[in-house]
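If you want the building blocks of each chain, they are given just below.
Protein chains: 4
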Amino acid sequence: MATSTTSIASDVKGFELADLGKKRIEWANQSMKVLQIIRKEFIKNQPLKGIRVSACLHVTAETANLMIALRDGGADVALCASNPLSTQDDVAASLVRDYNIPVFAIKGEDNDSYYSHIMAALDHKPQITMDDGADLVGVLHTKRKTELADVLGGTEETTTGVIRLKAMAADGALRFPVVAVNEAQTKHLFDNRYGTGQSTLDGILRATNLLLAGRAVVVLGYGSAGRGVAQRAKGAGAAVIVCEVDAVRALEARMEGFEVMSALAAAPLGEIFITVTGAPDVLRREHFELMRDGAVLANAGHFDVEISLTDLAAIASGPPREALPLVDEYDVDGHRVHVVAKGRVVNLAAAAGHPASVMDLSFAAQALAVASIASAGGERAPGVHAVAAAVDQEVALLKLASLGIEIDVLSDAQERYLRPFR
Amino acid sequence: MATSTTSIASDVKGFELADLGKKRIEWANQSMKVLQIIRKEFIKNQPLKGIRVSACLHVTAETANLMIALRDGGADVALCASNPLSTQDDVAASLVRDYNIPVFAIKGEDNDSYYSHIMAALDHKPQITMDDGADLVGVLHTKRKTELADVLGGTEETTTGVIRLKAMAADGALRFPVVAVNEAQTKHLFDNRYGTGQSTLDGILRATNLLLAGRAVVVLGYGSAGRGVAQRAKGAGAAVIVCEVDAVRALEARMEGFEVMSALAAAPLGEIFITVTGAPDVLRREHFELMRDGAVLANAGHFDVEISLTDLAAIASGPPREALPLVDEYDVDGHRVHVVAKGRVVNLAAAAGHPASVMDLSFAAQALAVASIASAGGERAPGVHAVAAAVDQEVALLKLASLGIEIDVLSDAQERYLRPFR
Amino acid sequence: MATSTTSIASDVKGFELADLGKKRIEWANQSMKVLQIIRKEFIKNQPLKGIRVSACLHVTAETANLMIALRDGGADVALCASNPLSTQDDVAASLVRDYNIPVFAIKGEDNDSYYSHIMAALDHKPQITMDDGADLVGVLHTKRKTELADVLGGTEETTTGVIRLKAMAADGALRFPVVAVNEAQTKHLFDNRYGTGQSTLDGILRATNLLLAGRAVVVLGYGSAGRGVAQRAKGAGAAVIVCEVDAVRALEARMEGFEVMSALAAAPLGEIFITVTGAPDVLRREHFELMRDGAVLANAGHFDVEISLTDLAAIASGPPREALPLVDEYDVDGHRVHVVAKGRVVNLAAAAGHPASVMDLSFAAQALAVASIASAGGERAPGVHAVAAAVDQEVALLKLASLGIEIDVLSDAQERYLRPFR
Amino acid sequence: MATSTTSIASDVKGFELADLGKKRIEWANQSMKVLQIIRKEFIKNQPLKGIRVSACLHVTAETANLMIALRDGGADVALCASNPLSTQDDVAASLVRDYNIPVFAIKGEDNDSYYSHIMAALDHKPQITMDDGADLVGVLHTKRKTELADVLGGTEETTTGVIRLKAMAADGALRFPVVAVNEAQTKHLFDNRYGTGQSTLDGILRATNLLLAGRAVVVLGYGSAGRGVAQRAKGAGAAVIVCEVDAVRALEARMEGFEVMSALAAAPLGEIFITVTGAPDVLRREHFELMRDGAVLANAGHFDVEISLTDLAAIASGPPREALPLVDEYDVDGHRVHVVAKGRVVNLAAAAGHPASVMDLSFAAQALAVASIASAGGERAPGVHAVAAAVDQEVALLKLASLGIEIDVLSDAQERYLRPFR
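Chain order of the listed sequences is C, F, A and X.
Read in order, the letters of the first sequence correspond to residues 89 to 510 in the working numbering.
Read in order, the letters of the second sequence correspond to residues 89 to 510 in the working numbering.
Read in order, the letters of the third sequence correspond to residues 89 to 510 in the working numbering.
Read in order, the letters of the fourth sequence correspond to residues 89 to 510 in the working numbering.
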């Protein structure tokens, strides 16, 4: 742990990294043009004046720009990591040193540190929570129930978190309103599909340097993130096989020209396997046993549960060998099985996460959601709330404008035609 | 009008065409494997025993198979056309001669015949209506109000119709329940995207024989049908420009690598323009005036309102010349503007409509929707009703099975994980 | 046979078709902008003044424009068909009636008529021959040897023909120079890849109306035409399998993401099979026996030898049934095998052949090759001659200009750099 | 410079890196299955027994496996770098420490070191040279002419080198035979297209983490490498613009659906520019001045001459700022221009170069070419020699087999048909 040269509380790896972190924050900022506009409005109108916000998000250059925007809108912000392997230590250091934002996150931290950092973020006594996987909400509702009363609301960034929150809400357990930013069109259509699509393959390439052209790539899961991965793998020349439990999605995959089959049928055919389902044990003993020598496995889902390392350890002839810095090699009955980044989310563990221009969209929606919670002042009912369609249109229009793109507007006559019986 | 050799009422072009029609019905049947299965169940269980059904649908080989399935399920069916140009006269003849189903439809019929055929279908005193554009429902609610009482419910096949129905429902005007088959995932994801995508380009090629590779194709509208057209045009090597009024959709189009701009900016760049918006006057005077010599215009939307022929006639130097059997050439200030099939829906007017295997999905959902209306027996409330998600899964699973594709099923542990707080 | 209303010799189907033929010739002309420019030069400079030209080409609207350009350059032209099924009878009629060009071609003519038409074209005593499959050259070197002396040279349009000619040249049998237009880059890169790619699928769709999305399409042959077909099938959403005997090409196909396997392995997997190899019996008994019920077979190669109808007839339970006008259905051990257009080249037999804008490139090269033969005046040695690279550049530049595209030119310094040791 | 712990001559960065280097060599070996087979034959037959080989190649894990195969075939090998920025220091260290192969290469070496390392490789007194850019050949023909007599022949890996060698040969200056491995189909079709395509984008992503989807990417040069880059950028969702001086290639690009225009027209439209032409000053003052704020420039060509840093320095308001470790930012009239890796070949300077499985093809051809030179024993004439077509077929077949792919073989009857006049 570094000794901070500032007076603010923090736990980051080392301030000697902060120079690089600052460069990366500024570089990301260039591509976050919608957030730039929102930040300017925040500076002017101070919609978060004095509000305490605790965020449990991937600590990346893009998140840094979101934190800075909230801070500039008047918020008192604290940040911890939503994944032990995704923290960019240089960014964390710069956020503390250069932007006076408390950060509790060190890449590779163990489970204890991970939870102590969540506790540190909650010690900030948040009025608004921001989650990427519902960990702050989860801990607040179990170990820190007394603090629930202060919370006006929260936001949730990812599918996995929304599933948890909806389950809580269905059970009547969720005690404050949470805006499901994940379900904003500008989030899930873009971030999941284009962000995950590119950055997942980017992570695999950085870790393995494999050629994708002509390679058999199995994508397990064909939700919005999975189809992004499948589309990009096809665009890179791979022969893509899709496995999916939902029949409609499976049929969609087929209509896009993908091979579609069960994971068991795909196991002996694939050279690279990418899980992106949200479910545990998607790849397990029965699949490992059938794989070709040299198969490479990576996970693009939120949690590191999709590839069963337990099963792999149980059937391997010994402990894994480090084949490359981010690749573990297991010997299974004489054939090698390679796991990238220990099955953790590969675009963050082996690459730089979603590109800034796509995070711009969901973080613009995040910033507007935080502002809406602040302005609602606790009047919204507990439960999972959608982002308004108008917010989606606004964010998208700002993004298009930043790309120099102008679109048509319906005439009054056209509007009327589309509602003919009114 | 042909003299029927059968005793049933009908108005079709001529029974000398029926041999070819029968072949086409049988050919389509081969690709409609889900409907085949449903038909077998219908034959066994007679869920429509004695129910009168009037259908106003495109009279094609695929529709013929749907009619036959309903008939075999016990229904008393009558059919008219939902578009004056889409009728396949040979299919209509065979339906009457070989399958004893009353049909009132002749390709190219004028407006009066079109409506008299709708009236003939309503003279059948339907208990269930089936629409593709809400014309039966529209006429029932205006000119035949006295017959509304008999109607148990209806189905609607297309986006345009659902928009009309929702407007009616919003105004409290809709008097019986209508199942929006269009909104079934197995309908709108597949039929709109893959059916319209392929058949629209097919229609344009049959009419014009133009090379798509390297050609500037402007797609106006990026809904589910528009993105199908854009994707297929790109797959055919065209340089595709997308115009769209919804900002989120416009941004999606850009993220797929398309050029995105306003129609006015696209007008001087495009070589082929395809409207697929649902709105009127999408291409109009201001666009025509800017187009290159030889521009080709086609409409893939339901109604022939998207390209303003009124404007074109107003600015052309004279009446249009027939450049090819399905192509009218207007002279606008010395440059030629070509309109395919007079702006009517091009995949039906110039090609054979959606391929049977994609219609299989929506017509499977149609058949199940009709059965559900019959079994509900009038207990469902007036309004627009969704197709149940389970129906979607069933239809998709049957389709996958017909393709020889098996998919995974979630284990109990995985199901539990995805609902962690239960 | 029609009685000509003109005084010129001809054998065409009927002049009542000529009006439509004229429209189609004019429509094609719009897309043949390079040929338009060459024709203008020909009119001015008369490079073919008094030269007799016999052409054995597909009798289509595009060929008509080539013939007209040669005629306008001073040539005395006669035309017969290079394939009995590819003749557009309306175009043939218009060429005779409206353009005074002798044509001997009727769609569907039998073998005797086919060869008598070739003889009629040779009765024209050509000084220059134009072939698409080397039939004129073949007959001249076997049955009409005495006329060889008059021939200054010839042109050959297709791969199959060039293979025959090179074999003749290798044996010392070829008696005059032939320009292999097929090997011009502007021919084989564009016509084979983009022309065949689009028009082959177009032909299959017109004949069968099948959905390509999600369908298993087997492309046999991955030469320049085969890869065009494979690329377009992929672009249409098909799951494409490639079969190829050349290892380098097979590897290329794999690197593009296609499944690659032997024809025997593909036989039970495919739903549509397309041969495009130039070789005979590519699909034969051993493959037919393994195919799924309903398999559809089409040929995109020059001759109707790639699908063995002999084998199919031998193993079928009876004669084929006409499933659709252009589709024959064979019953093979209880499963149906469908052959499109009796295995003849499907883009001509079931669609309108290559689009005009791609034929523009090879026919521009044809016109320039004919002019070069005329100007060489018999000084060129017998054998197969290449089209000069400068001709390719000129044709391509004219085409780009017609598309409104300007490209860069190397500076002198860049030219020097690329030849550093000079 | 590291002190070697072995007795062999070398100049590498440090042996503490060798452990990682060994892992990367072994990892690459897994994907180099054709080279593995050749190596086994080499071990058995010792075709290079006692032959001195000097290689000037990118010092990467793949090259290491080629060197090891040659060594195992009996050769006495020395290696230096063909590009000062492409050396993988860990691989270099392992080659010396673990494989006893002399290496002279340090990443980032200055020009003097670069040439002194070439001299060290030539001090090895090669009988066979291996080049990637013709530097060994160049120096031998200028500064070390006395040693030319010993040389049996050489190999050349890249387009740029072949251009230099052909110019030398045309001038009668080339004094020994060089096998142009670059022109082997298995090299240029695969390495240039698929290797460069993937690794160039990989390098840009590692350096910048930009999202490619929806971004305007300008690819300058549409040779085999350029089209690989353009294809992959399109596959990643970019809107790709192609600039090309050859009209036929430009037209091909257009037929693939790319926007095609001059570099000057593209300058204000692009967000990322990638040069891959082989020519100098492809991007220069006139282009920089028109670019958007934030434009990113990278070079995928062999030499760092394609982006004129001289012009950029001349018009920038000051020296470049390091925006990110591999990105320099120039201020040009108030807009930022970013240059990746100082314009050096980006796939090596910012990523790990071509993936091993594609290098497997060209390095298999390299190994076979070296063996053929050794067996020819100086009897081949000076000049640039092609790789035999049979070698291409053999390499491709081995590669297909390693992928588990079997292909068809022509029957005798088919062979005869394809040569009908024999």
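For the record, the hints were derived by calculation from the structure and aren't laboratory data.
One or more of the hints may lead you astray.
The list cannot tell twin chains apart, which means a pair is met if one copy fits it or any two copies do.
[Said to hold, decoys possible] List time: in silico DSS-like cross-link candidates among lysine-lysine, alpha-carbon distance up to 30 Å:
hint, residue 1, residue 2
1, K430, K233
2, K231, K430
3, K121, K430
4, K121, K233
5, K231, K213
6, K110, K254
7, K132, K322
8, K195, K101
9, K110, K430
10, K195, K110
11, K430, K128
Checking an output row: K110 and K254, CA cutoff 30 Å. Within, between, both or neither?
Answer is neither: 37 Å inside a copy and 50 Å across each miss the 30 Å cutoff.
Tell me, please, which holds for K121 and K233 at an alpha-carbon limit of 30 Å: within, between, both or neither?
Cα proximity of K121 and K233: none, with 38 Å in one copy and 56 Å across.
Quick one: K121 to K430, C-alpha cut-off 30 Å, is that within a copy, between copies, both, or neither?
between (35 Å within a copy, 27 Å between copies)
Within, between, both or neither, where K430 and K233 count as close if Cα-Cα is 30 Å or less:
neither (33 Å within a copy, 55 Å between copies)
Within a copy, between copies, both or neither: where do K195 and K101 come within 30 Å Cα-Cα?
both (8 Å within a copy, 29 Å between copies)
What label fits K430 with K128 when the C-alpha limit is 30 Å: within, between, both, or neither?
Neither: 41 Å inside a chain and 34 Å across chains, both beyond 30 Å.
Classify it for me, K132 with K322: is the Cα-Cα distance of at most 30 Å met within a copy, between copies, both or neither?
The answer is neither: 46 Å in one copy and 40 Å across copies each exceed 30 Å.
Within, between, both or neither: how does the pair K231, K213 come out at a Cα-Cα threshold of 30 Å?
within (14 Å within a copy, 66 Å between copies)
Indicate which option fits the pair K195, K110 if close means a Cα-Cα distance not exceeding 30 Å: within, between, both or neither.
Answer is both; intra-copy 17 Å and inter-copy 27 Å each pass.
30 Å Cα cut-off: does K231 pair with K430 within a copy, between copies, both or neither?
Close inside one copy (29 Å), not across copies (53 Å); limit 30 Å.
Homomeric proximity label, K110 with K430: Cα distance no greater than 30 Å:
both (29 Å within a copy, 21 Å between copies)
Checked against the numbered hints above, the structure breaks hints 1, 4, 6, 7 and 11 and satisfies the rest.
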